[in-house]
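Keeping the supplied structure of chain F fixed, place chain S upon it in accordance with the hints.
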Amino acid sequence: MRDHKIARTLLLLMLLMSWLANPLAIDAHPMGNFSISHYAGIHVGSGFIELHYIIDMAEIPTYQEMQNTGITAEEEDPRLGAYLAEKAHAFTDRLYLELNGRPLPLQPTSEDVIFPPGAGGLPTMKLRFVYRAPLEDPTPGLTYTVHYRDDNFTGRAGWKEIVVAAEPTFALVTSSAPAHDRSAQLSNYPTDLLNSPPQDLEASFSFSPSFSTGNNPAPAGAVHPKQITPPSSVPGSMRGLRGHSSGVVDAQVSSTKSTQAGAPNETLVTKSPNSVDAYSLRANQQGTPRNKFTELVSARNLSFWFLFTAALIAAGLGALHALEPGHGKTIVAAYLVGSHGTARHAILLGLIVTAGHTAGVYLLGAITLYASKYIVPEQLYPWLGMISGIIIAVFASYLLIHAWTVENGEKLHDRGTPHSHWFASLGRRGTRERILSKDHSQSLSHEGTPSRATPKNVSVAQLLTLGITGGIIPCPAALVVLLGAFSLHRIGFGLFLIVAFSLGLAAVLIAIGLLMVYAKQFLARWKSNESVTQRWLPIASAGFMLILGLAIASRALLSTGVASGFFAHARVSSFVGVVLLGLFLGMRHSTDADHVVAVSTITAREHSVGQGALIGVLWGVGHTLTIFLVGSAIILFGLVIPPRVGLSMEFSVAVMLILLGVLNLTGALRWLTERFGPAERRTTPVTMNPAAPGNTAENFLERLRRRYGSYQIFRPLVIGLVHGLAGSAAVALLVLSTIRSPLWAIAYLLIFGIGTIIGMMLMTSAMALPIAYSDKHFEIGRYLAPISGILSTGFGLFLMYQIGFVDGLFKVNVHWTPQ
Amino acid sequence: MSFLFLLATNRAQARQHETDNQIHFFQWKVSQDPDDFFNYDRLGVAYLQKARETGDITYYNLAGKALEKSIDLESTQPEASSATKHLATVYYAEHRFAESLALAQRAINLNPRDITPYALIGDARSEMGDYEKAWDAYAQLQSPGGAQSETNAVRYLEQSRESAESFLKGDTKSAIDHMRRAVNLSVESRMAKESIAWTQFTLGENYFQSGDLANAETAYADALKTYPDYHRALAGLAKVSCAAGHLSQAIELYKKAINVIPLPVYVSALGDVYARDGDAAEAKKQYDVVQYIARLNAFNQTVYNRELSVFYSDHDLHLPDALQLARKEFEIRHDIYTWDALAWALYKNSQPQQAAQAIKEALRLETNDPLLLFHAGMIYKRLGDNEKAGDYLRRAIAVNPKFHVFYADLARTTLQGPSNRSLAVRSQETIDARP
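Protein chains in written order, with our numbering: chain F, 214 to 1032; chain S, 285 to 719.
Bound conformation, chain F alone (with noise of 0.2 Å):
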């Protein structure tokens, strides 16, 4: 995942700042830098063959040469004439061109050289050679056989490419070489996997001149070059076999090759004959971006708009990294919303974190520089994200400690009562004391109270921790941006690209913060139940936090390879990733249809979030019981569920269902809902047992039940058990067919069920959400309840009707799968 990230950001970066890129790993030949590579264009024209051959040389053998000759690589130096002509003389007598079996003589016509920069700026060497061989008025009609053979540097590594073309006055009857090139003669080496650099020394075709110019049609397609044919010969040289047989399959099989590449009369586009340009040497594309940079950035005055543009584009960048995940976004945002923060807190958070990734990049560039030697930074990275990781997570407990001891406290918070924490005995006095008055001395009401000027609840010791542990872990983009103005030897130039890209990277994230705390001042502005946003948004959010920083911490751990003599490797990051995919399939699974109709019943008559999310997870619960139940079973007893008993599970569902909305429509349920609800309702907050803070003696069920009613509570309940007996089976085989240890599977049950309460809390919340804040201004609660009511027994009817025809609960065949 690291490797792609660091791919996709350095693709962004050539796209967008293609003059701007230079990676560290200077680009060396792209073929490695002892190859020769060939390339050898041959084109059949009125006359003659001719045979457009260019030879790149590596940097080393570069040099060899260079050394054996006397030449140096300028493209002005006078003995290149000399050279060029020699050795366009010396190659001719290893290449072979036989027209019907013949020899042709090979002429050379033109000769060039270039002298591209490789690795380091060492040279490598680029020589073009176009040659002639003459064709003797060619007898129209009748075939003509070419075979070319290139012995010049046997042996040694290198793309080597042949292409044939011919003039439309000839028709290419059959070739073995493709029409087209991959690397645009040899300025560009494109190698994937499936495309791996061609290794074509040898070629064979055959043409037959037309009786007519000009009557042949342009050709609908030569041989595609990425189209992978059949190779020609069979590997039954697996078995190293060669002689007789391999031959006669070679035969047989090229000769359906040779039809295949083209109908008789197919002719190929060609280039102009005559334009030697068409075959211009070009340096390799893999050294154009670095340089058109050497370019730009040697140019002598770095005028004001070049820096202008260079630092816009920077900062572009910085902004779009800051999009992809990393950087503490998350963190900022979890953070802003848990926290009392204001836009300042955000912007200020913003900014410390950008400075932290920016003092974090140039860190990274002394030590890639200078102490290269001793340490690696590609080693460093791991640590830091750990350390940063378990930074993060102890702050977060901190922060969830926190949020979760304040007993009633919002509304003490209110009155300003003295009051304390249960930790705040523990550890010392001083800084954490202070802080700690400091955050419950601001005052959260609206009424007016003044507040405080210096005291605020989010300090900025947190806001530095925060930040900078948040920012620490360079990016590698950034590394690249800086390393490759260094290496060209603009280290301000590099500096202060650097400073462009955290400045776009500090928008990114002051506008993330800034969101958060607006979308929170908007979530306070309608208090129906502040206990959401005083108790358990805050608790969320550094529940959040604290995973966020294990899973940091945790990833680091493992890319350090700490951890591998102690797990093995590959078992533990499957285990992290298995937790994690249980997470998300639990809660992607609380999503299903039948569940949100069926939760939707219950939360159309509740007027708060707080009640909404206690619903989401008291089905969850629910849910949990029964999969973790009847999914044991299944896992540790091999119990087996017949068809038959599966689609009846699944027509409870449906049952409850259309019970459900029958419930809401007939006001039954309203009934119900008095007869056993809460004791009081509608206290107002203020007269709430004001028992002393922290009282704990109470249990927590019990006031649950005070709170919102046994009914309330059992129903969610009941709902979430009847799923989960509908759903067991399918996640029980699902799990068995992935995890091999019972236990584990039974874990990850539990890990399951997790996640669907989770996901139904945030379901059945975001549900509340609107109805609560509409209610207040419309009296939509009227008409929530029958519409919910409609919806569930429409939905059951259909569920009743499809399990018990389509699926034959009710018929003779029954086709059960679990889903």
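Treat the hints as calculated values from the structure; they're not laboratory data. Treat the hints with care, since some could be wrong.
Claimed, not checked - When the alpha-carbon atoms are kept at most 20 Å apart in a straight line, the in silico SDA-like pairs for lysine to any residue are as follows: (1) K477/S with T367/F; (2) K568/S with T285/F; (3) K477/S with Q412/F; (4) K569/S with P336/F.
Claimed, not checked - To give a feel for the contact side, a few chain F residues facing chain S, derived at Cβ under 10 Å: (5) Q280; (6) G331; (7) T618; (8) S821.
Here a beta-carbon is modelled for each residue, glycine too, at the ideal position from N, C-alpha and C.
Okay, now just chain S, sitting in the frame of chain F:
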């Protein structure tokens, strides 16, 4: 007409390389069925073979990609052990020894019935200096069921690794026996040509180390016959020619080897032969090429650190760099030859005490490698321990009187009497020293 054409293409195809055919075939298979892990595995093997033949690291990268794709598609069933062990081979070739080890272990865990990864485990452990564990791993290749139940592949690995182990432990004769058997097995099991040639070449190396130049030449020639233009075989023949005194032949052979792959060790050896032949200018040219390669090495982080360190030490060039390169190599490799490179660099950098400690490590398996013994002799000489020095130098000459183009003579002259000359190998000095 068409028949002639077919014949022509025949020749064209037949000359095309076996490995290239394999690559094309499996590329086609993969394109037909991109979800089949087996084809990616085979494609990776083909790329791996190509990489060995050409020395071009592009193919290691491609092999890695193909094998990773195979593992992506299938990583938990026993069938995944094939791609896993092949990927381990790629990492080994890239000198990522720890990762190679881990993957090889995983391959065995996936499929305990395939014991071939033990060879790789042993190789990786050897490179990391854990020789005891390496011997244990190699021992696993001897299946308890006896010769019948083993496949040829396992038997080949068993013999070739036994040979390596024997040589390192100082029993060169056993090493030769085992390697001869390995050659036969490789031919019988129709391994890839380059692999057979490699085995024959290694046999030649063993013969050379033991001083048997005649058999060494035969083995190298066989390798060349098996795989025309095999650069290692050419270099081996060059070494033998030089030892026999046929310097111009040695020069030609080294040049041919360099034309295929210009490894620093070949270029450096060519320079030494030129120097021995009296052609200082040409010698210098070759040394310049090696230094040029060193510059590229720094950029590309290729795997030449040890060879370059030894080159610098041997020729008294950039001695601080020699030490630094040896230390850098030491970070990833702890085998006896890395200790040896370190010892030689320390010696040349006038730190004979530490050099002695390093050479002790290098000799801890009691390998009968004349170069190691020679280095030890020179180090102890510098420390003033003439007895030990003499002992080592004598042993070096006894094993192979012609073990090096210069050092064999240097060993003899050092034995003969106290020498005030510096012990460096400069082209001019050694020309003077020629009999």
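Hints the structure fails to honour
7 and 8
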